[in-house]
Amino acid sequence: AQSVTQLGSHVSVSEGALVLLRCNYSSSVPPYLFWYVQYPNQGLQLLLKYTSAATLVKGINGFEAEFKKSETSFHLTKPSAHMSDAAEYFCAVTKGGTSYGKLTFGQGTILTVHP
Amino acid sequence: GAGVSQSPRYKVAKRGQDVALRCDPISGHVSLFWYQQALGQGPEFLTYFQNEAQLDKSGLPSDRFFAERPEGSVSTLKIQRTQQEDSAVYLCASSLGFGDPVDTQYFGPGTRLTVL
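Listed in order, the protein sequences are those of chains D and B.
If you read the first sequence in this note's numbering, its first letter stands for residue 1, the second for the next number, and so on.
If you read the second sequence in this note's numbering, its first letter stands for residue 1001, the second for the next number, and so on.
Looking at chain D on its own, in the form it has when it is part of the complex (with noise of 0.2 Å):
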């Protein structure tokens, strides 16, 4: 079975400052990593993912992931905080074979950005 940990349901940073939310998971088979941001009324919106091409995973609006096997973890980070960032980001995993895809989501971390 698949699951992933988001440590810290709440995140606050100040603009322009460094943006790091944290995200570890567990599988038994060599997984799939995404990054969703979901803004208020809005679908999920795909940040990033790791489909284990390259361990430094460069998405959309400045962020970036690393996969990193021996800590499971795959932390989501900016390194300069718009105010647009405010939004909640899910981390999720998959795996190949027969799953379909289907994804394990994390259960978010709400990312506040102060002026």
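Among the hints, a few may not be true.
As the list claims (entries may be wrong) - Below, computed lysine to any residue pairings styled on SDA-like, alpha-carbon distance capped at 25 Å:
{"id": "1", "chain 1": "B", "residue 1": "1011", "chain 2": "D", "residue 2": "107"}
{"id": "2", "chain 1": "D", "residue 1": "95", "chain 2": "B", "residue 2": "1044"}
{"id": "3", "chain 1": "B", "residue 1": "1057", "chain 2": "D", "residue 2": "98"}
{"id": "4", "chain 1": "D", "residue 1": "95", "chain 2": "B", "residue 2": "1098"}
{"id": "5", "chain 1": "D", "residue 1": "58", "chain 2": "B", "residue 2": "1003"}
{"id": "6", "chain 1": "D", "residue 1": "95", "chain 2": "B", "residue 2": "1057"}
{"id": "7", "chain 1": "D", "residue 1": "68", "chain 2": "B", "residue 2": "1102"}
{"id": "8", "chain 1": "D", "residue 1": "58", "chain 2": "B", "residue 2": "1052"}
{"id": "9", "chain 1": "B", "residue 1": "1011", "chain 2": "D", "residue 2": "41"}
{"id": "10", "chain 1": "D", "residue 1": "95", "chain 2": "B", "residue 2": "1056"}
{"id": "11", "chain 1": "D", "residue 1": "95", "chain 2": "B", "residue 2": "1058"}
{"id": "12", "chain 1": "D", "residue 1": "95", "chain 2": "B", "residue 2": "1102"}
{"id": "13", "chain 1": "D", "residue 1": "95", "chain 2": "B", "residue 2": "1026"}
{"id": "14", "chain 1": "B", "residue 1": "1011", "chain 2": "B", "residue 2": "1063"}
{"id": "15", "chain 1": "D", "residue 1": "69", "chain 2": "B", "residue 2": "1102"}
{"id": "16", "chain 1": "B", "residue 1": "1078", "chain 2": "D", "residue 2": "42"}
{"id": "17", "chain 1": "B", "residue 1": "1014", "chain 2": "D", "residue 2": "41"}
{"id": "18", "chain 1": "D", "residue 1": "95", "chain 2": "B", "residue 2": "1053"}
{"id": "19", "chain 1": "B", "residue 1": "1057", "chain 2": "D", "residue 2": "30"}
{"id": "20", "chain 1": "D", "residue 1": "69", "chain 2": "B", "residue 2": "1100"}
{"id": "21", "chain 1": "D", "residue 1": "95", "chain 2": "B", "residue 2": "1097"}
{"id": "22", "chain 1": "D", "residue 1": "58", "chain 2": "B", "residue 2": "1096"}
{"id": "23", "chain 1": "D", "residue 1": "95", "chain 2": "B", "residue 2": "1054"}
{"id": "24", "chain 1": "B", "residue 1": "1057", "chain 2": "D", "residue 2": "46"}
{"id": "25", "chain 1": "D", "residue 1": "95", "chain 2": "B", "residue 2": "1037"}
{"id": "26", "chain 1": "B", "residue 1": "1057", "chain 2": "D", "residue 2": "26"}
{"id": "27", "chain 1": "D", "residue 1": "95", "chain 2": "B", "residue 2": "1014"}
{"id": "28", "chain 1": "B", "residue 1": "1011", "chain 2": "D", "residue 2": "40"}
{"id": "29", "chain 1": "D", "residue 1": "95", "chain 2": "B", "residue 2": "1011"}
{"id": "30", "chain 1": "D", "residue 1": "95", "chain 2": "B", "residue 2": "1060"}
{"id": "31", "chain 1": "B", "residue 1": "1057", "chain 2": "D", "residue 2": "96"}
{"id": "32", "chain 1": "D", "residue 1": "58", "chain 2": "B", "residue 2": "1102"}
{"id": "33", "chain 1": "D", "residue 1": "95", "chain 2": "B", "residue 2": "1052"}
{"id": "34", "chain 1": "B", "residue 1": "1057", "chain 2": "D", "residue 2": "9"}
{"id": "35", "chain 1": "B", "residue 1": "1057", "chain 2": "D", "residue 2": "3"}
{"id": "36", "chain 1": "D", "residue 1": "95", "chain 2": "B", "residue 2": "1059"}
{"id": "37", "chain 1": "D", "residue 1": "95", "chain 2": "B", "residue 2": "1041"}
Simulated from the structure, these hints should not be mistaken for lab results.
Dock chain B against the given chain D, drawing on the hints supplied.
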């Protein structure tokens, strides 16, 4: 281009009523997923279609939940005899391929169901 659309966006039902939630995926997308997102939680998988075939319904919480995609495009999630614990946002997602795990899933805005 058009994304995934869902209707209605909001639905209020009295306990015991039946509801039907509609999903219009991106045109040409083979795969369609339904997820349930309870308040303050991450989405949880309900069911998966590949064209019109329902290949995985392991996440459906009870036999009151039923989903279909008869022509391989629009899908409907039906909940019979709604209960208060069914209150959640129901999300639909579609992807281009045949369940390739690296395919991007494109999500609709969801239907917020409130059962009174």
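Given the hinted pair residue 1057 of chain B and residue 26 of chain D, is their Cα-Cα distance within 25 Å? holds, 23 Å
Is the straight-line distance between the alpha-carbon of residue 95 of chain D and that of residue 1044 of chain B 25 Å or less? holds, 15 Å
When you check the alpha-carbon spacing of residue 95 of chain D and residue 1037 of chain B, does it fall within 25 Å? Given that 25 Å is the threshold and the Cα spacing comes to 21 Å, the pair holds.
Given the hint that residue 95 of chain D pairs with residue 1011 of chain B, does the C-alpha gap stay at or below 25 Å? Violated: residue 95 of chain D and residue 1011 of chain B sit about 33 Å apart, past 25 Å.
Holds or violated: residue 95 of chain D and residue 1052 of chain B, Cα atoms, limit 25 Å. holds, 23 Å
Within 25 Å, alpha carbon to alpha carbon, are residue 68 of chain D and residue 1102 of chain B? holds, 18 Å
Check whether the Cα positions of residue 95 of chain D and residue 1041 of chain B lie no farther apart than 25 Å. Since the Cα atoms of residue 95 of chain D and residue 1041 of chain B sit roughly 21 Å apart, the hinted pair holds (cutoff 25 Å).
Between residue 58 of chain D and residue 1003 of chain B, is the straight-line Cα distance small enough, at 25 Å or below? Cα-Cα ~23 Å, so holds.
Residue 1057 of chain B paired with residue 30 of chain D [C-alpha distance capped at 25 Å]: holds, 24 Å
Straight-line alpha-carbon gap residue 95 of chain D to residue 1098 of chain B, limit 25 Å: Holds: residue 95 of chain D and residue 1098 of chain B sit about 14 Å apart, inside 25 Å.
Satisfaction of hint between residue 1014 of chain B and residue 95 of chain D, Cα-Cα up to 25 Å: violated, 38 Å
Would you mind confirming whether the straight-line C-alpha gap from residue 1057 of chain B to residue 46 of chain D stays at or under 25 Å? OK: residue 1057 of chain B and residue 46 of chain D at ~24 Å, within 25 Å.
Comparing the model with each numbered hint stated earlier shows that hints 8, 27, 29 and 34 do not hold.
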